[in-house]
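Colleague: Chains as they are written, first to last, in our numbering: chain A, 885 to 993; chain B, 885 to 993; chain C, 885 to 993.
Calculated from the structure, these hints are not laboratory results. None of these values were measured; they are calculated from a predicted model. Certain hints may be false.
All copies of an identical chain are treated as equivalent in the list; a pair is satisfied when it fits inside any one copy or across any two copies.
[What the hints assert, rightly or not] With a straight-line cut-off of 20 Å between C-alpha atoms, the simulated SDA-like cross-links for lysine to any residue are: (1) K949 / I993; (2) K952 / E935; (3) K952 / D895; (4) K934 / E991; (5) K992 / D896; (6) K936 / T950; (7) K936 / R989; (8) K934 / D988; (9) K992 / G978; (10) K952 / G910; (11) K934 / T971; (12) K936 / F990; (13) K952 / E974; (14) K934 / V975; (15) K992 / I943; (16) K949 / E935; (17) K934 / M885; (18) K952 / K992; (19) K949 / H893; (20) K934 / R989; (21) K992 / D938; (22) K936 / H893; (23) K949 / G979; (24) K949 / D896; (25) K992 / R951; (26) K992 / T950.
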Amino acid sequence: MKLIFAIVHDDDAIELVNTLTDEGFGVTKLATTGGFLKAGNTTLLIGVEKEKLDDVMNIIQDVCKTRKGVISPPSPVLGATGVYIPTPVEVTIGGATVFVVDVDRFEKI
Amino acid sequence: MKLIFAIVHDDDAIELVNTLTDEGFGVTKLATTGGFLKAGNTTLLIGVEKEKLDDVMNIIQDVCKTRKGVISPPSPVLGATGVYIPTPVEVTIGGATVFVVDVDRFEKI
Amino acid sequence: MKLIFAIVHDDDAIELVNTLTDEGFGVTKLATTGGFLKAGNTTLLIGVEKEKLDDVMNIIQDVCKTRKGVISPPSPVLGATGVYIPTPVEVTIGGATVFVVDVDRFEKI
Ligand code: NI
Ligand code: NI
Ligand code: NI
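Whenever a hint applies, use it, and build me the whole structure from the sequences.
Modeller: Next up, the structure:
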């Protein structure tokens with residue numbers, strides 16, 4: 885048995901929880917903020933049999949993989965002569981930090 | 885030293901924290917939602933000496949064991965001809981998912 | 885790779901997160917309440933290479949070490965004849981409980 889601590893973006897958390905649950909894996913969501921991947925992260929606790937660890941890792945990779953996105957930055961404060969035309973900016977979204985630890989003992993009560 | 889991650893029902897969390905604290909065990913409550921045992925769960929972090937692991941496991945078993953309960957389901961929206969008589973429904977309450985991991989190093993600062 | 889669970893006082897959490905981040909360590913803040921060090925604690929998840937574990941432990945020790953502080957207790961409800969003069973009380977602040985666990989597998993996605 886392994887216990888996975890997956891720190892993912894809030895944006896990806898719901899899809900990841902749904903996908904893992906659909907596939908029969910137990911997931912617990914812990915509230916999280918900041919750090920590893922800046923603000924807006926969620927830490928998930930996932931218990932998994934050793935033989936299925938790769939399956940879970942693949943799902944996390946699939947849902948959370950780093951990809952390009954485009955955002956329109958908020959308009960800045962302008963001086964009297966300026967006109968602000970928001971320029972969409974390409975950003976990197978997704979990404980996850982995953983720690984797997986060995987479980988000594990597991991009980992379902 | 886062992887570190888226990890116990891995912892328990894919100895309903896059982898307070899009693900479990902109180903019982904463990906009374907018995908001298910250190911418990912930290914992490915906010916949790918959903919997954920292993922559906923919504924409304926709390927994850928507890930419990931540090932314990934190896935020799936006392938069974939004591940803690942017994943306390944968790946005792947407080948959180950699965951048992952039958954009865955709830956009155958909320959009344960549904962009724963049509964013009966219907967009268968709703970709530971029927972108490974037997975449900976299973978309690979239950980816990982417990983992961984124990986080995987502690988490499990422990991420091992109290 | 886090691887995974888550190890550090891339970892620290894809320895008062896020390898921000899400084900600890902900032903110091904660790906400045907030094908290049910990844911920290912994730914989990915919401916926490918009570919237990920190990922009474923109410924008002926924060927649990928931090930810190931991933932660190934084995935060789936740098938002592939560096940992180942030293943930072944935690946430095947920021948969170950137990951020290952003396954002084955607080956003015958809130959005024960009690962008084963009878964008709966009483967005048968309440970708040971007396972500053974010396975208290976112990978700081979302190980941390982730190983668990984280090986071995987990481988089986990680590991992935992940055
Ligand atoms: Ni990010
Ligand atoms: Ni349940
Ligand atoms: Ni304290």
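Colleague: Can you give the numbers of the hints that this structure goes against, from lowest to highest?
Modeller: 2, 6, 10, 11, 14, 16, 22
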